[in-house]
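Residue numbering for the sequence shown follows the UniProt record's numbering, starting at 1 and increasing by one per position.
It is worth saying that the hints were derived from the structure and are not from the lab.
Honestly, I wouldn't trust all of these hints.
Derived SDA-like pairs: lysine to any residue, alpha-carbon spacing no greater than 25 Å straight-line [claimed, not checked]: (1) Lys-177 x Glu-62; (2) Lys-174 x Thr-151; (3) Lys-167 x Pro-60; (4) Lys-174 x Phe-98; (5) Lys-177 x Thr-105; (6) Lys-177 x Arg-25; (7) Lys-174 x Ala-134; (8) Lys-174 x Arg-109.
Label-pair distances were calculated between CB atoms; the ranges are [unchecked claim]: (9) Arg-176 x Leu-45: 33 to 43 Å; (10) Arg-149 x Gln-16: 15 to 25 Å; (11) Leu-5 x Gln-49: 38 to 48 Å; (12) Asp-122 x Gln-49: 12 to 22 Å; (13) Gly-18 x Glu-160: 31 to 41 Å; (14) Gln-96 x Arg-141: 30 to 40 Å; (15) Thr-6 x Arg-38: 40 to 50 Å.
All figures in this text were calculated on a predicted structure; none of them were measured in a lab.
For glycine and all other residues, C-beta sits at the position ideal for the given N, C-alpha and C.
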Amino acid sequence: MNVTLTTPGFILRQAQLGDAEPIARYLNDFAVAGNLARVPFPYHLSDAQAWLRTRLPNLPLEETNFAIELPGEGLVGHVGFHMGPQGPVIGYWLGQPFWGQGIMTEAVRTAVDWFFDASSEDTLLSGVFHFNAASLAIQTRLGFTQTGRSTLLCLARGAEVEHIDTKLTQSVWKARKNEVS
Numbered sequence: 001m002n003v004t005l006t007t008p009g010f011i012l013r014q015a016q017l018g019d020a021e022p023i024a025r026y027l028n029d030f031a032v033a034g035n036l037a038r039v040p041f042p043y044h045l046s047d048a049q050a051w052l053r054t055r056l057p058n059l060p061l062e063e064t065n066f067a068i069e070l071p072g073e074g075l076v077g078h079v080g081f082h083m084g085p086q087g088p089v090i091g092y093w094l095g096q097p098f099w100g101q102g103i104m105t106e107a108v109r110t111a112v113d114w115f116f117d118a119s120s121e122d123t124l125l126s127g128v129f130h131f132n133a134a135s136l137a138i139q140t141r142l143g144f145t146q147t148g149r150s151t152l153l154c155l156a157r158g159a160e161v162e163h164i165d166t167k168l169t170q171s172v173w174k175a176r177k178n179e180v181s
């Protein structure tokens, strides 16, 4: 699915093969990759190119992925969906130079709003590694609730890591979305 979403500060758009260099640059930072389950470290240009080749525009809605593009900067991060064994999952990352600016909260908010408007899914799953307080704060701010703990393989760390599982229902989102800033 090829969708573009525009906010006052950035654009969420389909990632393209030309995005491989900034994806590789930002994900080849352990501070970023070490917070993600499915990203190896080191992360090479060939890894980004291989991943981008799987992001075809005709994928189902539940597999939509967005590049976060800032004016004057280009691609600085990613927010996307994939279908997990228990339902749709949202995941995201942001290049370290852009942390602490509210970009990811707005990107996830925009993507969640689009997802619930475009899909018939009632629940969106996510989660964070136990040490990623900033990401958990984003999810809490947006209405995600903790549903339990599990362990998840973190490729960058080469180990199973404690994971805080979260979910957001469409009814909670609709009730809260106008309050979220």
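Now for the hints, and whether the structure bears them out:
no.	hint	in the structure
1	Lys-177 x Glu-62	holds, 20 Å
2	Lys-174 x Thr-151	violated, 30 Å
3	Lys-167 x Pro-60	holds, 21 Å
4	Lys-174 x Phe-98	violated, 28 Å
5	Lys-177 x Thr-105	holds, 12 Å
6	Lys-177 x Arg-25	violated, 33 Å
7	Lys-174 x Ala-134	holds, 23 Å
8	Lys-174 x Arg-109	holds, 12 Å
9	Arg-176 x Leu-45: 33 to 43 Å	holds, 40 Å
10	Arg-149 x Gln-16: 15 to 25 Å	violated, 37 Å
11	Leu-5 x Gln-49: 38 to 48 Å	violated, 25 Å
12	Asp-122 x Gln-49: 12 to 22 Å	violated, 36 Å
13	Gly-18 x Glu-160: 31 to 41 Å	holds, 35 Å
14	Gln-96 x Arg-141: 30 to 40 Å	violated, 20 Å
15	Thr-6 x Arg-38: 40 to 50 Å	violated, 28 Å
When held up to the earlier numbered hints, the structure conflicts with 2, 4, 6, 10, 11, 12, 14, 15 and fits the remainder.
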